[in-house]
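K.L.:
Take a look at the letters that make up each chain.
There are 2 protein chains.
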Amino acid sequence: MEGKKFLRNLFFLCGIIILLFFTISNLPYPPSNSLGCTTNSPWCTSSKNRFQFKNPHVIQFPSDSKLRRHSTAVPHHPLDPLTIPELNKVKKVIQSHDLFRNSNYALHSVVLDEPDKQLVLTWQKGDPLPPRKASVVARVSRVSHVLTVELETSKVILHETGPHSGYPTMTVEDMTSSTWAPLANADFNRTIIERGVDLADLACLPISSGWFGKSEEKRRLIKVQCYSMKDTANFYMRPIEGLTVLLDLDTKEVVEITDKGRNIPIPKAANTEYRFSAQNYHQSLINPISIEQPKGPSYTIEDDHLVKWANWEFHLKPDPRAGVIVSRAKVRDPGTGVMRDVMYKGFSSELFVPYMDPTDAWYFKTYMDAGEYGFGLQAMPLDPLNDCPRNAYYMDGVFPAADGTPYVRSNMVCVFESYGGDIGWRHSESPITGMGIREARPKVTLVVRMAASVANYDYIVDWEFQMDGLIRVKVGLSGILMVKGTSYVHMNQVNQQENLFGTLLSENVIGVIHDHYVAFYLDMDVDGSNNSFVKVNIERSNNPPKVSPRRSYLKAVKNVAKTEKDAQIKLKLYDPAEFHVINPSKKTRVGNPVGYKVVASGTAASLLDLDDPPQKRGAFTNNQIWVTPYNQKEQWAGGSFVYQSQGDDTLAVWSNRNRPIENKDIVLWYTLGFHHVPCQEDFPIMPTVSSSFDLKPVNFFESNPILNIPPNVEKDLPICNAAASA
Amino acid sequence: MEGKKFLRNLFFLCGIIILLFFTISNLPYPPSNSLGCTTNSPWCTSSKNRFQFKNPHVIQFPSDSKLRRHSTAVPHHPLDPLTIPELNKVKKVIQSHDLFRNSNYALHSVVLDEPDKQLVLTWQKGDPLPPRKASVVARVSRVSHVLTVELETSKVILHETGPHSGYPTMTVEDMTSSTWAPLANADFNRTIIERGVDLADLACLPISSGWFGKSEEKRRLIKVQCYSMKDTANFYMRPIEGLTVLLDLDTKEVVEITDKGRNIPIPKAANTEYRFSAQNYHQSLINPISIEQPKGPSYTIEDDHLVKWANWEFHLKPDPRAGVIVSRAKVRDPGTGVMRDVMYKGFSSELFVPYMDPTDAWYFKTYMDAGEYGFGLQAMPLDPLNDCPRNAYYMDGVFPAADGTPYVRSNMVCVFESYGGDIGWRHSESPITGMGIREARPKVTLVVRMAASVANYDYIVDWEFQMDGLIRVKVGLSGILMVKGTSYVHMNQVNQQENLFGTLLSENVIGVIHDHYVAFYLDMDVDGSNNSFVKVNIERSNNPPKVSPRRSYLKAVKNVAKTEKDAQIKLKLYDPAEFHVINPSKKTRVGNPVGYKVVASGTAASLLDLDDPPQKRGAFTNNQIWVTPYNQKEQWAGGSFVYQSQGDDTLAVWSNRNRPIENKDIVLWYTLGFHHVPCQEDFPIMPTVSSSFDLKPVNFFESNPILNIPPNVEKDLPICNAAASA
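Protein chains in written order, with UniProt numbering: chain A, 1 to 726; chain B, 1 to 726.
Treat the hints loosely; a few may be bogus.
Any copy will do: because identical chains look the same in the list, a pair fits if it lies in one copy or spans two.
Unchecked claim - Mimicking PhoX-like on lysine-lysine, the simulated pairs with C-alpha atoms at most 20 Å apart in a straight line are:
1. K546 - K616
2. K230 - K125
3. K546 - K260
Note that these hints are calculated values from the structure, not bench results. In this text the structure is predicted, and so the values were computed from the model without any measurement.
Construct all of the structure, not just a fragment, from the sequences and the given hints.
P.N.:
Shown next, in the form of C-alpha cells:
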C-alpha cells in the first residue's frame, strides 16, 4: 500500500513537472509582449498539437504597424470601444484604488460604459466626445464588484452588485487554469493513468456547472472533463467518459471527483482528424472560385468603426461578451437622400445550449455561452480566404486580460461584400403579353462576420445588409460535437428500449442531442426612438353563404401591443402573424405608419419544463419574440451575472413586469433556435448548418428603394487570369 | 341612339384594325422562322412598349449555330426531352391521324413519355435507348384527349381522359387570343373608351376562372381583365377596376361582361416604371463585383442534359409544365468512390396562389400556375449577368406550339457555381485549450435556376447542390403585384372598420393580400428505390424527482410511417420532428439506416376553409409533407387536368387512399408557402423574397463527406483587372 501511494505521488509529481515544462517552453509569445493575440491562450497540456504556431497561416499575430496603431489609438465616436491607452489607464486607476491595492483581484470585464442614448443620438461628427467611462466588473477576494471608471478624472464609482444571483463571465485565466487544476489531485491523476491515458496526452475542458439548487450556491464552481489527445488534434472525439472534477473556481481546489464509466473505452483516434495537414488524401472537387471587385470594395470604414456601404451606415465594434455590436444603423432614403434611423443597437445577447442527457456526467451541460464564457472572448482570428472571402476587411478586438493588461485579438471580425448570384428583383414579360421586357438586378450585400469557438462548437454570426433595406442576421453552427463515450460499437448491440440520448456516430462515440438558442437584442429606432409593436394577425374570415362564391379568405388584423405581455410571442404556423415595429408618428405619403418587421425563418422552441432549473435560467427562450421598454440595464437576456445564476434576472422576469410599450423607446428580442439530433455526417467535424431571421422594411420606404440601381453590364466586370498563367 | 351604335361599331372596327396592324408589323421574327424564342408571344395591344425588341440585351434569340444544333439534336439519355426532329415527327403523326385529320385541334402538351422507372434505372451509357414515346394532350372539337405516340413505329395509342374534372393546361395561343377576344365585343370597347382609355393603350390578362360550382362546369372558361399601358410598361399598376369579361376559351365568345367600379379611377402612371431605360435617375451604389473562375467552371454537361459537378451527377431538363426537372441525382461516396442514388426525380409540381378578396372582380383569383398556365411555358430567357452570374451556362427549352411546331425557348435554365463567402465547415481552437488550430473551408455550390413570369409575378426556382450532400430548393418571388384600383389616395380616408383586403401602396392602388404555395414532387431513392418514411419526434421526457437534478430533457422517438395517413404532416414548432426518408435495408458501418431528411425553413400554411372550392382544388396545401407510393400517374399535385378542376384528382385524394408506404418506392411531397401582405416597398416592382427547404443527408455518409477538401490558398485565386484598365 505504501508502495502504491509512493507511485501515485511520483506520477503526480511527474505530471506537474511535465506540465510546467511544456507550458513554459511552448509559450508562443515573449512574456514581455503583452499584445500578442494569444496572450490569453497559453495553456495546453501537450506540445504536440502546438506545431501550428510555427505556421503563420494558422495563427496570425498583429503586425508591428498594426500594434503601433492600436497602442496609440484614440476614440472618435461616442460608441468606440476602449482603446489600448484607455485600457491601460483603467488598469492603473484600478491598481491604485483602495479596494484593489492590497487584494487579489481579477478583472472579468472592462468595456466602454456607453454614454446615455440621448447623448449619442445628438452627437455629431466634429462634436467633442461625451466623457469616456469604463464599466469594470471585478472579483476582489471572492466578491464581485461593478465599477465605473471616469477616464478623464480617474474617478471610480463603486456600484452594488445588486440582489441577483450568479457570477460574472469567467476570465480566460479562469478557464485555462481550471483545465490543469485537477492535475494537482493525486486521485485524478491515478484514474487517468489507470484508464491508460498518458498525462501528457490529457486535454481538459472547463464546463460551466449551471445551477440546480443548493449544491451550486455560495461558491463559484466549475466542472472539468477530460479527453485523450493521443494521435489526434480532435481530442473532443476521445472523451474519458464519466470522470468529472468539481472545482472551486476561485481557489482552484478540487471539491469532488466523480469517477464513473471506467468500463467505457476511450474511442479510437482513427478518422477523427480534420486538419488539412493530417489528411491521408485530399479531394480537390472544384476549380478555384472567387468574388472579385476589380475597382475595390464599395465600403469605407471611417475612424476604424464607422462602416459606410451603398445606402447603409452603421457603427461596428467587437465586444468581449456579445462578439460584435452593430449600432446606429441608418439607411439612406432614396427619395430625400436623408439617412434614416433603423436600429440603435443590435447584438447577440445570450446563448442557451442545453444537452439532453440527464445522467450524472451530462445533466449540467446547459451552457450560456455569452454570459459564462464570453462570446467575443472566444472569437478567434478568422482565416483569410476561407472564413471570409478574399475581398474582406478585418477588424481587431482589443480586450483586457484578468490583470487589466490589454491585448489584441487580431482579425476577429470581417466585413465583405457578398455576391453569390442571387437576384435583387426581376421581371420578364411573359408570352401572354409578348412585350420584350427583361429586367433583372443582381443582389449584392454587405456581410459582417465573426466566428466564436466556444471550446468544441463554432458559431458563425453574420449581419448581412441588403440595399433594399433588409438586415439578415444569420447564425451558422459548425465545429465539433460534444460527444459521449459508450461501449457500443454497432447499433445491433443496443436494446430497442434503451435511450442512447443521441446517435451512435462511430465506434464508441455517441453524439448527444442538444438545442442551441441565440437571443438577439434589437433596439429598433424606426425613424426615431418612440416606436410601437404591432402584431398583424393573418386570420381566416368566412363569408356568409351567397355573399361570394368564395367561402373564406384571409385578412390582416392589426393589434398594437400596449404592454410587454402583449408582445410575448410564440410563433404558430396555423395562427400566423407579421410582427412590425412601427413609428406611429411617421406616416408615408399615403398614410401608412413607417415600420420594420421581424421575419422568422426556420427555428426551434425550447420544450424543457418551465420549472427545470436550466429553463429558468434560459427563460428568454420561453418565447421567440419579446418587446421591452428601453432600459440600459436590460441588455443581457440571461441576466448580467449569468454564471450559476438562478434565473432571477432574465428577459422573462423583466417582461413579466408588463410595462407599457406603446409609442415608447422599445427593444425587440428575437431568439433563434436549433434542435440538433447529431448524425454521422457531423463526425468528426460538422458541415455548417445555418438559420436566420430578417429585419425587413415594411412601408418604411415610399416604394422599392432599389428601383434605380443599374444592371450589370459586361464592360464593368473584371478581366481575370489564373494566377499560374499570370 | 343609332348614332351611338354606329360610333360604337366604328370604335370596335378601329380597335381591331389597329390591333392587327401592330400585331403583324411588330412580329419580332420572320414568320417562316418557327424557332424564334418568341414564336409564342406575338401578341401585344400596343407597339410602344415593344421597342425593347430592338435591344439585343433584352430578348435573346437563339444564334444560328444553336438553332442548327437544336434542329438536328438526337436524344442520348432515356430521360432526354423530345428533340426538334422528334417533335416534328409527332406533329406529322398527329396530322395524319384519323382523329385529327378533319378537325380543329390544338396540342396542349407534347412531352416525352418517360420510360418505366425500372428501364431507366438499369440503363447505362452505351446501351440503346428504350423506345422513345411522346405523351400528347390534345383538344379536338372541344374534347380533351390523351395519346401516346410511339416514335419509331408512328403508332398512336389513344387513352381515355379519365373520369376527372378539369381541362388541360392552356396553350400559349389560348392565353394570347383570350386577351384580345373582348375587343370583338362592342360593349366592352364602349366601356373602355368611356373610362377614358384609348383602345391602343389597352393591355388585358387571361385569368383562369377557377371552379366554384355549376357556373364553371361543362365549358372551358376564362376571365379577362384589362389595364391601361398609357405612359408605362408597368400596366399592372393601372387596373381598369371592376371590369371582367367571361370568355369561352374554345370559341373565344364573350359569355358575360361584368362592368362595375366605374367610379374607381385608373391609378396614375407616375412612378410605376421599373425599366432601367425609363428611370429619371440612376443610383450606382456599388463598384462592380463578380464571381470569377479563372480556370473555368468545375462542371461538365454531357450530351446536353447530364450535369456533373464536384461529387454530384444529375439529369436536367426544361419542362413546359414543371419548369425544370432534375432526375437521377446521385452523389459520390467519398469512401468507396461509388455514385449513390439520392433522388430519382424532383420538380415543382403545382402552385396555388389564392388572393384574399371575396368581391366580384377578385374572388376567383386562385391560380394554379403550373397546371393552368405551364410554369415552364412562362419561363422566359434569363438575363445574363443579372438573372445569373457571369459564369453561368444556359440551357434552352424546346416546346411545341399548339399546332405541334417546335420552337426554342432560349436560355430558359442556367447552371452556375455560386460562392458568396459562406463557410462549408470550420473550427478554431479557443483560448481555453490554446492550440493554434484554425481550419475553415469555403462553401461553393452548384445552382440550377429558372425564372417563370406568370404574367405579373416572377418565380425564381433554384436547385442548389452542396458538396456535403445537401440539396437546397429555393423559391424566390419577385416581379409585380396584382393590384386593385380604389378611390382612396390616403389612409385617412379609410374608415377603421373597412377591410381593404390589402395595403394602400400608392394613390388609388391596393396591393391585395394573397398566398403562394409551391408543391415539390421529390421521388427520393435513397441508395435504391425501396425506402421508408420515418418521423423522428423530438419529445420532452420528464425525470422522476431525485433521478437527476434535471427535470426534463428531449429525446428522439422514431416512428416509421406504415401508410399514407401516417405521413400527412403539419409542421409544429412546439411538437417538432425530423422527417427522414431512409433505406431500411442499407446500414452504415455502425448500423444506422442510411437516409435523407427534408428540413423545412420559413413557410406558411393555407388557412382557407377546407370546403372552400379553391382549397379543395389546392388541397395539396392541406399538409406541408405527404408521402405516396410511387405511381407514374401521380405527378401533378393538383391533378393532371387542373384547369377548372374540382379537386377530385389531387395529392390529398390519392393520399387519403391510405396505401402502404413502408419499405416501398415512395415519393415525398413538400409544399413551401408564403403569406404575402403587400407593403409599399413592393411597388412598383418587388425586391425578391425567398424561402427554401433542404434535402439533407442523415447517416447517409459514414462521416463528413467534405473532410478532405482543401482550403483556399492565395496562389490559386485569379489575378483580375478592371476591364477599363485592361
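K.L.:
A separate judgement is required for each hint: does it hold in the structure or not?
P.N.:
We went through each hint and held it up to the structure:
{"no.": "1", "hint": "K546 - K616", "in the structure": "between (53 Å within a copy, 18 Å between copies)"}
{"no.": "2", "hint": "K230 - K125", "in the structure": "neither (56 Å within a copy, 48 Å between copies)"}
{"no.": "3", "hint": "K546 - K260", "in the structure": "between (73 Å within a copy, 19 Å between copies)"}
Hint compliance for this structure: hint 2 alone is broken.
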